[in-house]
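**Q** Add chain B to chain A, keeping to what the hints say.
So the chains spell out like this:
Protein chains: 2
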Amino acid sequence: MAASSSSTSFSSSSSHEGDAGSSYIECFKYSRRATLRSVVGRPDGGAGLVGERAVVGGWVRSSAVVRARRAAAGPASPSRKPEVEATGLTCTEVLMSRVPLIRCIARLMAGGITAAASAGGSARRPAVGTALVRINDGSCVADLQIVVDSALLPLDQINATGACVLVEGKIEQVEGTLPQYVVQMKVEKILHIGPVDSEKYPRSNAHSSPDLVRGYPHLAARTATVASTARVRSELVHAVHAFFQSNGFFHVNTPTITTTTATSAGNRGKMLRLTRLFSKSDNGNRITPEAVRAAIKEKTKQVEALKRSESNREALEAAEQDLQRANALSRQLEQGASAESSQDEFFHRPAYLTPCHTLHLETYACALSSVYTFSPVFQAESESLDSDRSLAERWTVDVELAFAELEDAISCAEDCVKSLCSTVSKDCSDELKFLSSNQAGDATSSVIEAAVSSPWQKIKYTEAVNTLLQVTDKTFESKLELGMPLSREHLSYLADDLYKKPVIIYDYPKQLKPFYARLKEDLKTVSAFDLVVPKVGIVACGAQKEERMDNLTSRIEESGLQVEQLEWYLDTRRHGTVKHSGFSIDLESLILFVTGLKDVRDAIPFHRTKGHAKC
Amino acid sequence: MAASSSSTSFSSSSSHEGDAGSSYIECFKYSRRATLRSVVGRPDGGAGLVGERAVVGGWVRSSAVVRARRAAAGPASPSRKPEVEATGLTCTEVLMSRVPLIRCIARLMAGGITAAASAGGSARRPAVGTALVRINDGSCVADLQIVVDSALLPLDQINATGACVLVEGKIEQVEGTLPQYVVQMKVEKILHIGPVDSEKYPRSNAHSSPDLVRGYPHLAARTATVASTARVRSELVHAVHAFFQSNGFFHVNTPTITTTTATSAGNRGKMLRLTRLFSKSDNGNRITPEAVRAAIKEKTKQVEALKRSESNREALEAAEQDLQRANALSRQLEQGASAESSQDEFFHRPAYLTPCHTLHLETYACALSSVYTFSPVFQAESESLDSDRSLAERWTVDVELAFAELEDAISCAEDCVKSLCSTVSKDCSDELKFLSSNQAGDATSSVIEAAVSSPWQKIKYTEAVNTLLQVTDKTFESKLELGMPLSREHLSYLADDLYKKPVIIYDYPKQLKPFYARLKEDLKTVSAFDLVVPKVGIVACGAQKEERMDNLTSRIEESGLQVEQLEWYLDTRRHGTVKHSGFSIDLESLILFVTGLKDVRDAIPFHRTKGHAKC
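Quick mapping for you: the protein sequence lines, in order, are chains A and B.
Residues in the first sequence are numbered from 1 upward in steps of one, following the UniProt record's numbering.
Residues in the second sequence are numbered from 1 upward in steps of one, following the UniProt record's numbering.
No lab work stands behind these hints, which were simulated from the structure alone.
Hints are supplied without guarantee of correctness; some may be wrong.
Pairs involving identical chains hold if they fit within one copy or between any two copies, as the list cannot separate such chains.
[Unchecked claim] The calculated DMTMM-like cross-link candidates involving lysine to aspartate or glutamate, where the alpha carbons are at most 25 angstroms apart (straight line), are:
1. K307 with D322
2. K170 with D497
3. K297 with D322
4. K297 with E314
5. K307 with E320
6. K418 with E26
7. K614 with E567
8. K598 with E381
9. K614 with E564
10. K614 with D386
11. K301 with D322
12. K200 with E564
13. K614 with D550
14. K29 with E414
15. K501 with D415
16. K170 with E381
17. K297 with E320
18. K301 with E317
19. K301 with E314
20. K200 with D550
Owing to the predicted nature of the structure, the values given are computational and were not obtained by experimental measurement.
Pulled out of the complex, with its shape left as it was, chain A reads as follows:
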């Protein structure tokens, strides 16, 4: 039942030799089957392929078996009408995707299509002992329905959600007027079955809640929602690189591991720190020099007390020996401590996972001029209420431009995000439609349209606050006055209610932005901006960077950061300083915006949050 050859051959000959009569749909270049995208993902839904043969593979999304009615069903079934037994209904999305299937089967059962089934490749009424199985290989939203006869294999093998199949067969037309299901495949040969342990398969025993799906990130991509989100994410990543390459930017891999803790300024969470994995330190049960010093102090007291009493030689000798041992241990530990602590630090000093790439990227902007990076950032947020929903590992697109001021960065950020939205709405329209139709996401196409087609609202922070303070049709829970940060509900009012499109808020009070934002002439505000989009909030933020050495060092001191740690960063101002500006796009927030998903944990394949790092 496994695919044929296990020997390694490097010939390019087709594996379909000798199958004359009908042509084969071309296999995906690097695997042994045609993708479903090349069959049902075509604009014609596969209509042009009717009569052709193909090898296809995928995982079972849902299935229905047409069985003969048992004799025990009694006299009420005089015509031995076939009975449809469906399996694999697990969660909303599968239910929804099966509505057409159920309708289709119902229509077939009603016998209303036999007359219409005239074309050579058209489907006939499914025979008794036939499985109708919807499979998906992740290459597109649409499933392919394959029709499997029980003569080929016991149907319960192929009938379980999550099973993998690789089959060969012929494309037939599906009768009826369901535009999304134009063709199906009549299976002629089973090449591989990867069965499912249904008792253990997490998706086949209950209506899967989002939390259940999140608990199985390694299987979740087999659901239509997670797969669609993954394809949107992939398209966004491609669009990011396409945008920056076509605009002459260079991609720079800034480091994940950093020894500069000052980069955490302005981040809500703390930094994740590295240790070296030593088997000996892994058990954690080490005696510290401090504990030994404390013990020595006490032992010394004991010895003195015993000496004062001059009565108990036995106890005094024991205590003295004990003290000597403790002193020896202490010397040993003190000597070892420095050696061990430097050995413990693989990098010979404390190292952390970077919470932002700006500082490192700036150094490359001050040499290559126009640079960007697409890299992970890290923070350990545990004190806020939603820390279990705050990603400890996220991906950001960071951009830095030399010889550029704030408006250049804003203009680039606007063009970039518009370009990403436009690419996704064009190339992932099926995914966005599916996610909108699904409970998981809202209708987003109009929101994206508005974001792409019109110029964005640009207002200064002070204007934003003054506007919000004059709002009468809504009361805000959080307090607001000039100098205070805008809360989520304030941002939502501006983007969702007032302007109904993305809003760029700029020129913030300096205390609300990191030390590197450039001080303006009023000495109170800085050249920094946030990009706020409807329904999500801030998806990007940026700043013109302070290029003046004196201002920068003052701001570092004001922020309470260690200037020694930033000496390397200051070098870019000390030597050949230049006006430069940049911004950072939060990829996961952007995914929420384009997909309409609500929970940021669903925007990344394997989410890491406080207390959660499965796999």
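**A** Chain B in isolation, oriented as in the chain A frame:
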């Protein structure tokens, strides 16, 4: 001297209003100057731009000042012939790039070009009190020479390597036959100078060795070698995404943080482990429950000894109170221990930086079919001799294909690497030429040509060993017999000497490959491969993955790994298993291959090695 406006305006009007007469070279879309790539990076070297005006910026690579001879120079200089005083010669690459400059100045000084300087935009003999400054903005290999008159500013401000300049001027033709320097700019206006603190600038005090440059990764991209390497790296990253997107792969962000330590199988180094940055645990001086337990044991002994002696009430009471305190502390610690240890672990269990993305990526391949990721991997290698050259943070391209066998993965890897090499040799020809001409790199174009144009050598491991055992024209230092790994010199012999092109070695003994490689019918070898390229060694490795549950669990046990940690991974075999294959390309090794650089630390912007994580 700073660029004009500091207010934020969002108008799209040109900043060059009122400058009638000659047209301006278009500015880079998101900054305030034309890139040098759009001037001297053109195929004609800028010849078509003569007479046009532009704003350009960059950092000074080298410069020469034409000064009046001092009167003190004596009567030997009757004609007050100008004297050229060059600065900024720091390392080989700058020296090399200045050879034409020096030649050019020499020619100008010789006065042989005045007659030829007839064209309107042609350069005249540089006036006394003129600086010839070569600047580069990182957009291309070529520098632009700008001619600055001392009337504009004191020349020593612009005359220092590393200074930043933003200037406006007119493009002139450079006389002579130096094809790489066709035009220069006669500066008319200084818009910005970012001076250099020459005493502190690391590149201006000595011939910069590679180690010196590596010590300043934040300034290194201003050298032509590091900038060229960065542009090649960027082009490779773009080419990676272009290749996989055009072939229908989806990009997946697999996690950096993992709780699965079994992924380290097959890696040489250990895993880097995370702790949470707590201010209290940062000082490390904690009393452990174990130390307290040990103290209690001793205190109990003391108390018993004192009791036996029945003589010293004072000492006994002190010892008893002491014991009580210790017991209370112990209870407190034991209670707190679980709370604290789980609090210490941000993810509630030990978490590490992933040394490979294969396992996580496989789970997405078993849903989306054709996936790849471009992500960082981590390992702490400290025991080998070259651990200070072994990158603790690297970037890899990982690829995984469902419904695919070993030869599919090999074919994809070959196509991919060929496509990357071909793109780079086409789009980075200037960079590759520069790196070849520079001492840092070897001539590589012919090696890349050979790799791109011919089919690669494919041999089984056993063939490779037998071939090497029969070699008579060379003796190898390391021992070799069937079942042993091929050493660096063996791989070099095959790729450099014997086949003179990339070699794919496949079907390795199972003990040489990770547990997930698919066992072949002989039960001794596995379907795995290495891609070996000339001069570098292994740049990629891959395998068909073991899809059979029983075989996989046996191999996990054989490898001494904890099967419990891999339960999630086994789910992909338990449920809908599929034949799948993949490979991993080491980006830094590939960069060494295409650039000819020798040290892997130079292939990444901020290298992290044992004891080194600067910035």
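**Q** Each hint should be assessed against the structure and marked as holding or not.
**A** Verification of the hints:
1. K307 with D322: both (15 angstroms within a copy, 18 angstroms between copies)
2. K170 with D497: neither (53 angstroms within a copy, 51 angstroms between copies)
3. K297 with D322: both (12 angstroms within a copy, 12 angstroms between copies)
4. K297 with E314: Classified as both; 20 angstroms inside a copy, 18 angstroms across copies.
5. K307 with E320: both (10 angstroms within a copy, 17 angstroms between copies)
6. K418 with E26: Between copies only: 23 angstroms across chains, 36 angstroms inside a chain, cut-off 25 angstroms.
7. K614 with E567: Close across copies (11 angstroms), not inside one copy (38 angstroms); limit 25 angstroms.
8. K598 with E381: within (20 angstroms within a copy, 41 angstroms between copies)
9. K614 with E564: between (38 angstroms within a copy, 13 angstroms between copies)
10. K614 with D386: For K614 and D386, the Cα distance is within 25 angstroms only inside one copy (19 angstroms; across copies 34 angstroms).
11. K301 with D322: Intra 12 angstroms, inter 11 angstroms, cutoff 25 angstroms: intra and inter.
12. K200 with E564: Cα proximity of K200 and E564: across copies only (16 angstroms, versus 55 angstroms in one copy).
13. K614 with D550: between (47 angstroms within a copy, 24 angstroms between copies)
14. K29 with E414: Intra 37 angstroms, inter 13 angstroms, cutoff 25 angstroms: inter-copy only.
15. K501 with D415: Within one copy only: 15 angstroms inside, 44 angstroms across.
16. K170 with E381: neither (54 angstroms within a copy, 54 angstroms between copies)
17. K297 with E320: Result: close both inside a copy and across copies, 12 angstroms intra and 16 angstroms inter.
18. K301 with E317: Result: close both inside a copy and across copies, 14 angstroms intra and 13 angstroms inter.
19. K301 with E314: both (16 angstroms within a copy, 12 angstroms between copies)
20. K200 with D550: between (64 angstroms within a copy, 17 angstroms between copies)
Consistency with the previously given hints fails for numbers 2 and 16, ordered from lowest to highest.
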